[in-house]
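Protein chains in written order, with my numbering: chain P, 1 to 190; chain L, 1001 to 1155.
Where hints are given, some of them may not hold.
Stated by the list, open to error - Footprint (simulated), chain P over chain L, 3 or more residues, beta carbon under 8 Å:
id, region
1, 1033-1044
2, 1057-1064
3, 1110-1124
4, 1141-1153
Derived from the structure by calculation, the hints contain no laboratory data. C-beta atoms are modelled at their ideal positions from N, C-alpha and C, and glycine is treated no differently.
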Amino acid sequence: MDSQDTIMSMFIDDELSIDEKKVFVERVHASNRFKDETIALLDQEKELRAGITEEIPDLERVIVPVRPHVPAIPRPLVIVAAAMVAAVLVLSFALVIQLGPTDTSHRFVVYLPDASRVDIAGSFTGWEKVPLRQQGGSGYWEITLDIPLGEHRFTYVLEDDTRFVDPTVPTREHDDFGGENSILLAGTGL
Amino acid sequence: MHPMETIFEENKGRLFSYLVRMTGDSDVARDILQESFTRCMERYTDREVAPALLFTIARNVFIDHLRRNSRYTGLKDEERDTRPGPEHALVTRDRCARVLAGLQRLNQDERDVLSMVVSSSLSYAEIAEVMCLSVANVKVKVHRARLKLRDYLEE
């Protein structure tokens, strides 16, 4: 196959830029072989695209689960989000350490404009996932939780299946399931 | 109708065409289409789904189907369902059947990329993303598949 001939398929598939269209026309005029082959492929294309969609099956209805599972967010987005979470988390610690002696109110915030679901799970939730709330259309998700003073382990869960630790919190540990948790020192400073 | 259903309905014809071309069999294509719809409804209910993602899902379901039926290599002419019915009439129409048979002779990658190009409204760039290929690679594969198909149809 002549590598230059891919322009024939690009023409058939409407993939040519203006400059490539010019090249295509010039090649049609310069080469009968090129012209004949293009015409043959266009004829084939008519057969290839003909007829299949005439009988489209009806689909059976699907009951939508209450808490749908959705796929993982791409890792680069997670990493960017992690950095933003860390920044907000660091700021919120300043407030945490000034509150009550046994419990403290902690605000967790994450910026994930493309997410449809964000949860947090940690020792302070009994490792139950607790959903963060979306702040309008801002892309921020947040939740404020009352947590006991002291050391806690936690992780974010994106889209119901991707765990996500805060990479800027230096203290973290591996759990027994191959995952990793951030360690939060609530009320005792970082 | 649920928004997801609306999106799927709008793209159902293209997806079905892609799957018929991939499998060469409208019954198998219908099963994969239904499973794709179910997977879509279960996993993507509250998110806007682009056509490229629908094709990714259908393609993944098709690949799962191949893995479950590891001996499946597309149906030979004599293996196709001979029962009368709209799908059968569809597949056995001479022109369509001839092209479908030719498509089944391409290797899976070539059949995949050509079927998606002609069935979907996706650009080469979108198809490259669905198939984890470079756009340059898609260009070459599409054209090579067309040339091979032409050779098969001329035999």
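Taking a Cβ-Cβ distance under 8 Å as contact, does the region 1033-1044 of chain L have three or more residues in contact with chain P? It holds: at least three residues are needed, and the region 1033-1044 of chain L offers 8 whose Cβ sits within less than 8 Å of chain P.
Per-stretch coverage check for the region 1141-1153 of chain L, three Cβ contacts closer than 8 Å to chain P: With 8 residues close enough to chain P, the hint holds.
Three residues or more, CB to CB closer than 8 Å: is that satisfied between the region 1110-1124 of chain L and chain P? holds (count 6)
Are 3 or more residues of the region 1057-1064 of chain L near chain P, judged by a Cβ distance of less than 8 Å? violated (count 0)
Hint compliance for this structure: hint 2 alone is broken.
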